[in-house]
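Throw the hints in and build the complete structure from the sequences for me.
For the protein sequence lines, the chains are Y and C, in the order given.
If you count by my numbering, then the first sequence holds residues 167 to 352, one letter each, in order.
If you count by my numbering, then the second sequence holds residues 6 to 210, one letter each, in order.
Certain hints may be false.
As the list claims (entries may be wrong) - Beta-carbon label-pair distances, calculated as ranges: (1) C/Arg132 - Y/Gly241: 32 to 38 Å; (2) C/Ala43 - Y/Ala254: 23 to 29 Å; (3) C/His125 - Y/Ser171: 35 to 41 Å; (4) Y/Gly241 - C/Ala53: 33 to 39 Å; (5) C/Arg172 - Y/Val331: 24 to 30 Å; (6) C/His125 - Y/Ala254: 23 to 29 Å; (7) Y/Leu335 - C/Arg116: 36 to 42 Å; (8) C/Asp192 - Y/Arg275: 22 to 28 Å; (9) C/Asn137 - Y/Leu335: 36 to 42 Å; (10) Y/Thr316 - C/Pro130: 42 to 48 Å; (11) Y/Ile323 - C/Arg150: 21 to 27 Å.
By construction, these hints were calculated from the structure, which means they are not laboratory data.
Here the structure is a predicted model, which means the values were calculated and not measured.
We put the CB at the ideal spot given by N, CA and C, even for glycine.
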Amino acid sequence: MSKVSERDVVMIALFAALIAVLGLVPKLTLASGIPITAQTLGIMLCGTVLGAWRGAAAAALFCLLTLLGLPLLAGGRGGLGVLMTPWAGFFVGFPIAAFVTGLVMERMRALPVAAGAAAGSVFGGIVALYVFALAWYMLAKPAGLGEAVTVAALPFIPGDLIKAVLAALVTQALAKARPGALPSRG
Amino acid sequence: MISLTSPVETVFHRWPAGLKLALLCVAGTGLFMLASLAGQLVALALVAAFYTLPGMRFARAGLAALRPVALFAALIAAWHVATGTLAEGAVIVLRLLSAVALANLVTMTTRLADMLAVLHWLTAPLRRIGLNTRPPELAISLVIRFIPVLSEKGAALAESYRARSPRRRAGWRIAAPLAGLALDDADHVAEALRARGGLSEGARK
Numbered sequence: 167m168s169k170v171s172e173r174d175v176v177m178i179a180l181f182a183a184l185i186a187v188l189g190l191v192p193k194l195t196l197a198s199g200i201p202i203t204a205q206t207l208g209i210m211l212c213g214t215v216l217g218a219w220r221g222a223a224a225a226a227l228f229c230l231l232t233l234l235g236l237p238l239l240a241g242g243r244g245g246l247g248v249l250m251t252p253w254a255g256f257f258v259g260f261p262i263a264a265f266v267t268g269l270v271m272e273r274m275r276a277l278p279v280a281a282g283a284a285a286g287s288v289f290g291g292i293v294a295l296y297v298f299a300l301a302w303y304m305l306a307k308p309a310g311l312g313e314a315v316t317v318a319a320l321p322f323i324p325g326d327l328i329k330a331v332l333a334a335l336v337t338q339a340l341a342k343a344r345p346g347a348l349p350s351r352g
Numbered sequence: 006m007i008s009l010t011s012p013v014e015t016v017f018h019r020w021p022a023g024l025k026l027a028l029l030c031v032a033g034t035g036l037f038m039l040a041s042l043a044g045q046l047v048a049l050a051l052v053a054a055f056y057t058l059p060g061m062r063f064a065r066a067g068l069a070a071l072r073p074v075a076l077f078a079a080l081i082a083a084w085h086v087a088t089g090t091l092a093e094g095a096v097i098v099l100r101l102l103s104a105v106a107l108a109n110l111v112t113m114t115t116r117l118a119d120m121l122a123v124l125h126w127l128t129a130p131l132r133r134i135g136l137n138t139r140p141p142e143l144a145i146s147l148v149i150r151f152i153p154v155l156s157e158k159g160a161a162l163a164e165s166y167r168a169r170s171p172r173r174r175a176g177w178r179i180a181a182p183l184a185g186l187a188l189d190d191a192d193h194v195a196e197a198l199r200a201r202g203g204l205s206e207g208a209r210k
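Put into structure tokens, the structure is as follows:
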């Protein structure tokens, strides 16, 4: 493994803090009545901006600090209780989501930043995260696939699609404001 | 930085953090294996007793911490009412409440520093085989320091947005400048760290 630099460690820590701060942004409520927060937007940004392994490390760091007892999840939730609901896969899967998002972003260099970030966010923040979280739900509750999809996935998909679009816009704005500063495309 | 530790001192505050975490693992496994409705009711009553033992103020705080679970419990209950599997649903909802309440109890009675000490102890084998655990430990301190810094910057960005826009809330629009500020800060902090010895093992002393 290549040597970890100070800049990597600091960037990972700052993006973990960014996920937490984005969780404080007041939430919107969709027409379906499901609240959406900017927290998963933070997870997607970790992947699109930092790339696969640094993004996953930032998400893992965020998860670790939440479990240790800091109220970092949207709505001021945190602590070990987060692990105990069948929906915990959506939280534990954050590092996987950021990793896949970053991997797509890194591999699809030919695509423009916004398109790469949108594709990454959809594959990582939605497809990979939901596969993991649904499997978790089915094991933890326990439940069948039909129930898991109805209760744990469908209500959240519209919000997450919006966030994938936002992640693409934010990443593109960042690439324009600081050319060459995206570590995922370094 | 605000943490979820309860200011009301309970007997559980004095228990070692490692012991509490080990007990939580055992209790969680037990709850998962317990399939009888009566057993789950007894378990929930026991957990409720743990909360009322230190007094009503602590119990109320515990109840407030449990509120987000109500939505999950309601979703599960609705599914089981709709599919006509009430008995199974009751066991699952009771188990969910007990498990989350127990985990919250550990969080509410264990200070962050003690949790970090357990983590340091758990990672000791990694250091013995020659891995440097200083980078992740340093990262943890940096996150704790930078959450208030970044949220102040976020608040300033939101305020200037409000000053020039008829909209009341900036929402996601501050995400891009905020991420940009985080990248800038990262450069400065990394430079400062390097100047002070960086990530090398000796820098801890």
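For each hint, the structure was consulted:
no.: 1; hint: C/Arg132 - Y/Gly241: 32 to 38 Å; in the structure: holds, 37 Å
no.: 2; hint: C/Ala43 - Y/Ala254: 23 to 29 Å; in the structure: holds, 27 Å
no.: 3; hint: C/His125 - Y/Ser171: 35 to 41 Å; in the structure: violated, 23 Å
no.: 4; hint: Y/Gly241 - C/Ala53: 33 to 39 Å; in the structure: violated, 24 Å
no.: 5; hint: C/Arg172 - Y/Val331: 24 to 30 Å; in the structure: violated, 19 Å
no.: 6; hint: C/His125 - Y/Ala254: 23 to 29 Å; in the structure: holds, 25 Å
no.: 7; hint: Y/Leu335 - C/Arg116: 36 to 42 Å; in the structure: holds, 40 Å
no.: 8; hint: C/Asp192 - Y/Arg275: 22 to 28 Å; in the structure: holds, 23 Å
no.: 9; hint: C/Asn137 - Y/Leu335: 36 to 42 Å; in the structure: holds, 38 Å
no.: 10; hint: Y/Thr316 - C/Pro130: 42 to 48 Å; in the structure: holds, 43 Å
no.: 11; hint: Y/Ile323 - C/Arg150: 21 to 27 Å; in the structure: violated, 36 Å
The structure shown violates the earlier hints numbered 3, 4, 5 and 11.
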